[in-house]
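Undergrad: Chains as they are written, first to last, in our numbering: chain U, 241 to 552; chain H, 16 to 549.
Hints in this document: simulated from the structure, not taken from any laboratory.
What you are looking at is a predicted structure, and each value in this text was computed from that prediction instead of being measured.
All C-beta atoms, glycine included, are put in the ideal place defined by N, C-alpha and C.
It cannot be assumed that every hint is accurate.
Over 10 Å on every C-beta distance to chain H, these chain U residues come out as not near it, computed from the model [what the hints assert, rightly or not]:
no. : residue
1   : T259
2   : R368
3   : V529
In silico lysine-lysine, DSBU-like type, Cα no more than 30 Å apart, as pairs [said to hold, decoys possible]:
no. : chain 1 : residue 1 : chain 2 : residue 2
4   : H       : K346      : U       : K402
5   : H       : K241      : U       : K402
6   : H       : K528      : U       : K402
7   : H       : K438      : U       : K295
8   : U       : K295      : H       : K169
9   : H       : K94       : H       : K544
10  : H       : K217      : H       : K167
11  : H       : K154      : H       : K491
12  : H       : K241      : H       : K544
13  : H       : K167      : U       : K295
14  : U       : K295      : H       : K154
15  : H       : K126      : H       : K154
16  : U       : K295      : H       : K165
17  : U       : K295      : H       : K435
18  : U       : K295      : H       : K439
19  : H       : K391      : H       : K342
20  : H       : K342      : H       : K403
21  : H       : K403      : H       : K414
22  : H       : K217      : U       : K315
23  : U       : K402      : H       : K530
24  : H       : K165      : H       : K176
25  : H       : K342      : U       : K402
26  : H       : K320      : H       : K403
27  : U       : K295      : H       : K241
28  : U       : K295      : H       : K217
29  : H       : K350      : H       : K544
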Amino acid sequence: MFRYILRRLLQMVLAFFGTTLIVYALMFAGQGDPIQALAGERPVTAAQRAYLTEKYHLDATGVGGFFYRYFDYVKSLLQGDLGQSLTGRQIGDILQAAWPVTVKLALIALAVAIIFGVTAGVIAGIRRASIFDNSTLVLTLLVLGIPTIVLAPLAQYFLGVKWQLFPPTAGAEPTFYALLLPGIVLGSLSLATALRLTRTSVAENLRADYVRTARSKGLVKRRIVSVHVLRNSLIPVVTFLGVELGNLMSGAIITEGVFNIPGVGFNLFRGIRTEDGPLVVGIVSVLVVVYLVSNLVVDVLYAVLDPRIRYE
Amino acid sequence: MRVRRLAAWTALPLAVTLGLAACGSGGGSGSGSSDPNAAVSIQISEPQHLVPSNTTEVSGSQVLAGLFSPLVDYDAQNKPYEVAAQSVTSSDNKVWTIKLKDGFTFHNGEKVTSEDYINAWNYGAYAPNGQGGSYFFEKIAGYQDLQGEKPKAKTMSGLKKVDDLTFTVTLSEPYIDFKTMLGYTSFYPLPEAAFSAPGVLKDSYEQAPIGQGPFKMKGTWQHDAKIDVERYDAYPGEKPKVKGVEFRVYQQLAAAYADVQGDNLDVLGTIPTENLSTAPTDLGDRYQTSPMSSFQFLAFPTFDKNFSNPDVRKAISMAIDRDEITKSIFKGSQKPARSFVSPVLPGYRDNTTGAAGEFNPTEAKKLYQAAGGPSKIVISYNGDGGHKDWVDATANQLKANLGVDVVGSAEPKFADLLTKVEKKQPVGLFRMGWVMDYPSMEDYLGPLYSTNGSSNYYGYSNPEFDKLVKEGSAAKTQDEAIAKYQQAEDILAKDMPVIPLRFGENVFGHSSKVKNVEMDLFQRVNLVKIETAS
Chain U
241 MFRYILRRLL
251 QMVLAFFGTT
261 LIVYALMFAG
271 QGDPIQALAG
281 ERPVTAAQRA
291 YLTEKYHLDA
301 TGVGGFFYRY
311 FDYVKSLLQG
321 DLGQSLTGRQ
331 IGDILQAAWP
341 VTVKLALIAL
351 AVAIIFGVTA
361 GVIAGIRRAS
371 IFDNSTLVLT
381 LLVLGIPTIV
391 LAPLAQYFLG
401 VKWQLFPPTA
411 GAEPTFYALL
421 LPGIVLGSLS
431 LATALRLTRT
441 SVAENLRADY
451 VRTARSKGLV
461 KRRIVSVHVL
471 RNSLIPVVTF
481 LGVELGNLMS
491 GAIITEGVFN
501 IPGVGFNLFR
511 GIRTEDGPLV
521 VGIVSVLVVV
531 YLVSNLVVDV
541 LYAVLDPRIR
551 YE
Chain H
16 MRVRRLAAWT
26 ALPLAVTLGL
36 AACGSGGGSG
46 SGSSDPNAAV
56 SIQISEPQHL
66 VPSNTTEVSG
76 SQVLAGLFSP
86 LVDYDAQNKP
96 YEVAAQSVTS
106 SDNKVWTIKL
116 KDGFTFHNGE
126 KVTSEDYINA
136 WNYGAYAPNG
146 QGGSYFFEKI
156 AGYQDLQGEK
166 PKAKTMSGLK
176 KVDDLTFTVT
186 LSEPYIDFKT
196 MLGYTSFYPL
206 PEAAFSAPGV
216 LKDSYEQAPI
226 GQGPFKMKGT
236 WQHDAKIDVE
246 RYDAYPGEKP
256 KVKGVEFRVY
266 QQLAAAYADV
276 QGDNLDVLGT
286 IPTENLSTAP
296 TDLGDRYQTS
306 PMSSFQFLAF
316 PTFDKNFSNP
326 DVRKAISMAI
336 DRDEITKSIF
346 KGSQKPARSF
356 VSPVLPGYRD
366 NTTGAAGEFN
376 PTEAKKLYQA
386 AGGPSKIVIS
396 YNGDGGHKDW
406 VDATANQLKA
416 NLGVDVVGSA
426 EPKFADLLTK
436 VEKKQPVGLF
446 RMGWVMDYPS
456 MEDYLGPLYS
466 TNGSSNYYGY
476 SNPEFDKLVK
486 EGSAAKTQDE
496 AIAKYQQAED
506 ILAKDMPVIP
516 LRFGENVFGH
526 SSKVKNVEMD
536 LFQRVNLVKI
546 ETAS
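Kindly generate the complete structure, drawing on both the sequences and the hints.
TA: Right, dumping it as structure tokens:
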């Protein structure tokens, strides 16, 4: 197990540098005129252009210039310095402010998905073809069919503005309550998928041999479901939720925008819009780490859920 | 195996606990404002900078308008009057004497002196500092010596201290509107405390700017979140009627609009386009409009032989039904434009484009065919600014009225569009917008249409026009200047290098918790007038 984790960690280092190189290259290739993008519709003075070009090595162009800038970036990255965004702020500071709120949001979304999705999935799986099963099927199809870009403003308008159950936006230092609505909106998509996954998995395992054995031994139904069925049914759900954690963080772009939460998605969106290469690469680098770590956690959790799975 | 299991099971609860702890820490700090009846909140975007000479966008200048007091401000007729200045005088419009009012202090207690202005302006003009508003100082003598990679000097020869409250500004050429110009953000002073050495700004200054205005910073700039300011009691001018202002940062206007509806935000400076049709009912009398200086137009690449004939340009202008587009697409939130300068300016005349601005499809088609206009027209615009609807509508009108093929073509960003235009690539007609820096006709005519104008992207050049604008700037009296500027505008009407389309308006909304919300020509809320509604 230890050797397995070590090997995975070494692979993660490689994956990390590979992805940052690709993202850096993409950002570099797609860059039009970041200085003008920063200035918006105003003309940029020659003096300011010269100043910013020198400051961000924008004069280094072509393939040679790309590697010069990439290695320059990696060098400071290894010293723990993410560099400066084109707006002049330290990317480290931006991320420090952006992460906590996004992590909170993602965890609320994940909790919503687990608590409601898995529970409802188990019930639906046990009572197949019941009213509950059919109604959740319709509901999840509905939720899966509505994109966040529609769902979020709708939820905001009805629950926030019209009936005033929640504050319409969350802001920079939101209370748990203010984050609840965006969290539910963000989590609803994963909730629906988690529910469908759990239902199928539970329904299948209920017919398995070991369940029949357990039943014939005289175990009560609750114990069969909670210990035997649930544990075996959770493997696909855990895989899904682990990867989903990364998705929730990067995928919060729309939700964070609608509810005015200055988190990671908010900053990523701004970085892309203003062609702020350093900022985008900085955020994506950290997102890559989140993905890698959550994948590792998922793989380790497999062994817990199913002892037959071993790692060497 | 037992150990392995334990290790793995601890991972899950640990993650959950961390998450809950993270949630908990944010819990208490949400309801931060101390007295909701005395402070107001105003929507802004994240400012790019908060150093006066580096602030050229609306959000930054909105914040600085609270922290600083300008030398001059503009009255109802948009003529300048003194605020922080006692007097701004000149006998020849070349050497200007600025006397400061006594009694102004910076928020750290420093007395405001003429040196604070001289130092701030020199810092702003010095090219290696990379200040965005640097070009505002280019009319001052000695500005050129501060330019280039290795400037010859660090200070402008045109700025001279006379005494603690008086200094003189010598311009390189006479300029009648210099006093008007002084109301712009770039001309605020900086305290001694802003500098770590002469000419070197402290890094920390921008995080908590110290000004001499009606409000002072409360804490520091909380990036992407908010900027809090509170009333500065030693301010000698007109006192604000609120205790403080929270400038709250929004990335999307739609979110701010939801907050205004829910009374969660007090002032929203711009109603999002998609809400324009419902806003009057959503907000009732909290929906308001006021004049603003923006000007939208379609520009011709006059270097392109398809559009080099003024008759072609006039015909296209005549084939556009401006009234219809402003009504159906902008719901009356903008006004049709038939002049080259904004109606807010002294010297504005209605309908200077004459017949070329009137919608007349039959005449347009005749003129277009006689002048040999191109059979296919492209209208380029930036896809990120919500221009698609009106560009498509304009294209359809041209198609129907001129009988030619017209398409709208979106570039990802305005910068991409400008790059193409600068390289003289075929973009067809392209959209442009202009917002004035200070209320002077010169600010509309000079940069946009002079041969060397900073925003003349269409290659327009007319020596007669250049001469008239120059003579206007050098005129002895305002009336004389306006007469010259108007003659220059008449030349534009003849040549039609661009088609004026619409003049903008402030379309804003506020919560039920505030009253007396006024917005100025620069899309800024008047922070001295706003009051809380009891």
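Undergrad: Taking the hints in turn, state whether each one holds.
TA: Against the structure, the hints come out as follows:
1. T259: holds (23 Å)
2. R368: Check passes; 29 Å lies beyond 10 Å.
3. V529: holds (15 Å)
4. H:K346 <-> U:K402: holds (24 Å)
5. H:K241 <-> U:K402: This hinted pair holds, its Cα atoms lying about 26 Å apart.
6. H:K528 <-> U:K402: holds (18 Å)
7. H:K438 <-> U:K295: holds (25 Å)
8. U:K295 <-> H:K169: holds (20 Å)
9. H:K94 <-> H:K544: Answer holds: H:K94 to H:K544 is near 19 Å, not above 30 Å.
10. H:K217 <-> H:K167: holds (23 Å)
11. H:K154 <-> H:K491: holds (17 Å)
12. H:K241 <-> H:K544: holds (21 Å)
13. H:K167 <-> U:K295: holds (21 Å)
14. U:K295 <-> H:K154: holds (28 Å)
15. H:K126 <-> H:K154: With Cα atoms ~28 Å apart, H:K126 and H:K154 stay inside 30 Å; holds.
16. U:K295 <-> H:K165: holds (16 Å)
17. U:K295 <-> H:K435: Measuring from Cα to Cα gives roughly 25 Å; hence the hint holds.
18. U:K295 <-> H:K439: Between U:K295 and H:K439 the Cα gap is close to 29 Å, so the pair holds against 30 Å.
19. H:K391 <-> H:K342: holds (27 Å)
20. H:K342 <-> H:K403: Within the cut-off at roughly 16 Å; holds.
21. H:K403 <-> H:K414: Holds - the C-alpha atoms of H:K414 and H:K403 are around 16 Å apart, at most 30 Å.
22. H:K217 <-> U:K315: Between H:K217 and U:K315 the Cα gap is close to 27 Å, so the pair holds against 30 Å.
23. U:K402 <-> H:K530: Given that 30 Å is the threshold and the Cα spacing comes to 23 Å, the pair holds.
24. H:K165 <-> H:K176: Holds - the C-alpha atoms of H:K176 and H:K165 are around 26 Å apart, at most 30 Å.
25. H:K342 <-> U:K402: Roughly 29 Å separates the two Cα atoms, so the pair holds.
26. H:K320 <-> H:K403: OK: H:K320 and H:K403 at ~26 Å, within 30 Å.
27. U:K295 <-> H:K241: The given pair, whose Cα atoms are some 28 Å apart, holds under the 30 Å limit.
28. U:K295 <-> H:K217: holds (18 Å)
29. H:K350 <-> H:K544: holds (26 Å)
Going through the hint list in order, the structure satisfies each hint without exception.
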